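Asks: Line by line, the protein sequences are chains A and B.
Letter by letter, the first sequence follows residues 1 to 252 of the working numbering.
Letter by letter, the second sequence follows residues 1 to 430 of the working numbering.
No lab work stands behind these hints, which were simulated from the structure alone.
Note that the coordinates shown come from a computational prediction; the quantities given were computed from them, not determined experimentally.
Check before you lean on any hint, since a few could be wrong.
As the list claims (entries may be wrong) - Straight-line C-alpha distance at most 16 Å; calculated EDC-like pairs for lysine to aspartate or glutamate:
{"hint": "1", "chain 1": "A", "residue 1": "K120", "chain 2": "A", "residue 2": "D133"}
{"hint": "2", "chain 1": "A", "residue 1": "K65", "chain 2": "B", "residue 2": "E409"}
{"hint": "3", "chain 1": "B", "residue 1": "K353", "chain 2": "B", "residue 2": "D265"}
{"hint": "4", "chain 1": "A", "residue 1": "K52", "chain 2": "A", "residue 2": "D201"}
{"hint": "5", "chain 1": "A", "residue 1": "K139", "chain 2": "B", "residue 2": "E125"}
{"hint": "6", "chain 1": "A", "residue 1": "K244", "chain 2": "B", "residue 2": "E409"}
{"hint": "7", "chain 1": "B", "residue 1": "K231", "chain 2": "A", "residue 2": "D250"}
{"hint": "8", "chain 1": "A", "residue 1": "K83", "chain 2": "A", "residue 2": "D110"}
{"hint": "9", "chain 1": "A", "residue 1": "K65", "chain 2": "B", "residue 2": "D85"}
{"hint": "10", "chain 1": "A", "residue 1": "K65", "chain 2": "B", "residue 2": "D77"}
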Amino acid sequence: MIRSLLLIAVLVLVPVTGFAGGGETVPPPHHHWHFSGVNGTYDKAALQRGYKVYREVCASCHSMKQLSFRNLTDLGYDDSQVKAIAGEYSVVDGPNEEGKMFERPARPSDAFPSPFENDKAAAYANGGALPPDLSLIIKARHHGPDYIHAILTGYKDAPHDAHLLEGQYWNKYMPGHVIAMAPPLSDGQVAYEDGSPDTLDQYASDVVEFLTWAGDPYMETRKRTGMKAIIFLLVFAGVMYGVKRKIWSDVH
Amino acid sequence: MGSGERIEFDNKVVNWIDERLPLFTLMQKEYGVFPTPRNFNYFWNFGAIAMFMLIAMIVTGIFLAMNYTPHVDMAFDSVERIDRDVNWGWMLRDIHMNGASFFFIAVYVHIFRGMYYGSYKKPRELLWILGVVIFLLMMATAFMGYVLPWGQMSYWGATVITNLFSAIPFVGDSIVTLLWGGFAIDNPTLNRFFALHYLMPFVILAVVFLHVWALHICGSNNPSGIEPKGKQDTLPFHPYYTMKDTFGLLVFLVVFCVFVFYAPDYLGHPDNYKEANSLVTPAHIVPEWYFLPFYAILRAITFDIGIPFTDITIISAKLGGVISMFGSIGLLLILPWLDTHPIRSCRYRPKYKFFLLVFLVVFCMLGYVGSQSADAMFFGLPMTLVGILCTTYYYGFFLVIIPWLNNTEKGRDLPKSIHDAVLQAEREKA
Ligand code: HEM
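Let the hints inform the model, and build the full structure from the sequences given.
Replies: And the structure:
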């Protein structure tokens, strides 16, 4: 039975893996990320740079509702730094004793403030296209990191037969190639303090690292826990195999 | 269970309890000395694995429910809170999410084992039927569970599947209204799905109890498909199979953990990380992988069935799809009466074995078809054609091939006993 099943597995997997996908989307180029692989971790410096890019560029259009300032300690900031970062923002709180809403500086426990009151306002300000919340954007796309990197660097002159409306741009990697986000990044736009190159490619890589963390903040714990769990199970399975062999030795 | 002879236990407390409620005697009889065929291979491991997964799903599910909010405005965010802010919440959710997939893997293997070794045949028909009932309940449970995170695939999957019921003549629309709790998928739908999703695993547990009870009445089948004839053919369940099952389970869990900890979203769909939005339809609506073969059968019927040369439609394409989908599981229910061949195991039925393995390929192929959009191509063939061909084989296998083999397949000579079968196998190996 095992032999037949293996043959079947091959028969089935060849068409499935060989022909999956297709369509008019362009597969994004594959990158090696600091966080990929069994031992991959987040590069804290890249996370901080990526956050800077998000803060200075993307945050004017995109919310990140699932994140709070307190989460920023993961990027290597200490509590006082997080407090200082939060303090640069103001949030609406209330109602106070008089029943009025009031503004106050944000605290680490506050969520990232959104750039627009609501989705309608966000879409209205962007010519009808809603800038999606970026908290989970990496998980919400196939090959998330590679794809987002490709989107940010994939703006090209539109081919002659493309019909672009006002506020639309041609992007090689967007499904259908038409995107309603103006190229958000270009060389030299964000001033890095750690000497990393101020290039589009670097910005895109850093912001992807940051967004990946934002969607999957427990990745490092997850992989570490997984390693322990799997080693435990393998050892346990090895022991049980020995026990089973011993018990069955009088049967065979 | 009450009467019958009882052996004394050495431990006083155990004995005291056992005199009043013979739990320990029961365990001893059903899992200690229970005579089990000596020639099981690892395919007999998957019942125990499925049992483990069921328990794991219930335990993780209860903890998830403590932190989940079944409201359309809060469900998506509450799942994110579980992932981000609940202690070890990410692990609970990754186990539960991937656990569903691995539960289905175990049960699919378990069902296929039954088909390969003829475990559905007399006297195990009811055992088999209870199994199919479990499978149906699992599908319903998994479907409703997938709606709970209220992502795009949750919402649109629920839309597609609940709409199917509207194809049923006369009562269809009322059923859909009942499922929805209103006239659209909305908060009442989410609430009732949550309540049912919490309930159904316990119903499954009850049916599993009946399933195992039935198993212990007729005893297990085995790879040779012949009944044990005496002591030399069986072993006590403990320690032989308790130890073997534990080993197999651990190996299964290693693979499971690779997914849970290293690729927790691999089996899911990225669209479910977008919050449900009734105004934006996803490009492809696809169910979870374990539904794909049945989804393909559902979509295979793309034509109305009517009276020839008239415009009268008797069965619309939609109803046809629904009937063929439910029918495909119905066939499993009546399999014990379709296959009346006296030989159980494929080992001694080369022809049935051949067609069954083709069936397995076709079933996987259907899964592939189900994952593709309707206008996709497969080696130059339209996907819809591949779908209808595979569906035809699925039905043909049960309704034509199996009955035909009943009358024509002679099969190989059966060994005299399990003991003989084991010796024969060992001789072949040497
Ligand atoms: C919640 C899911 C299920 C659980 C926990 C479960 C549990 C078990 C257990 C513990 C056994 C004995 C061990 C074994 O032979 O593997 C068993 C046997 C069996 N199960 Fe299941 N089962 C489940 C679903 C199903 C389904 C869906 C089917 C078929 C449609 C099925 C059909 C059978 C049959 C025919 C046997 C007897 C097998 C033999 O003796 O050859 N089971 N089940």
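Asks: Quick check: which numbered hints come out false for this structure?
Replies: 2, 3, 5, 6
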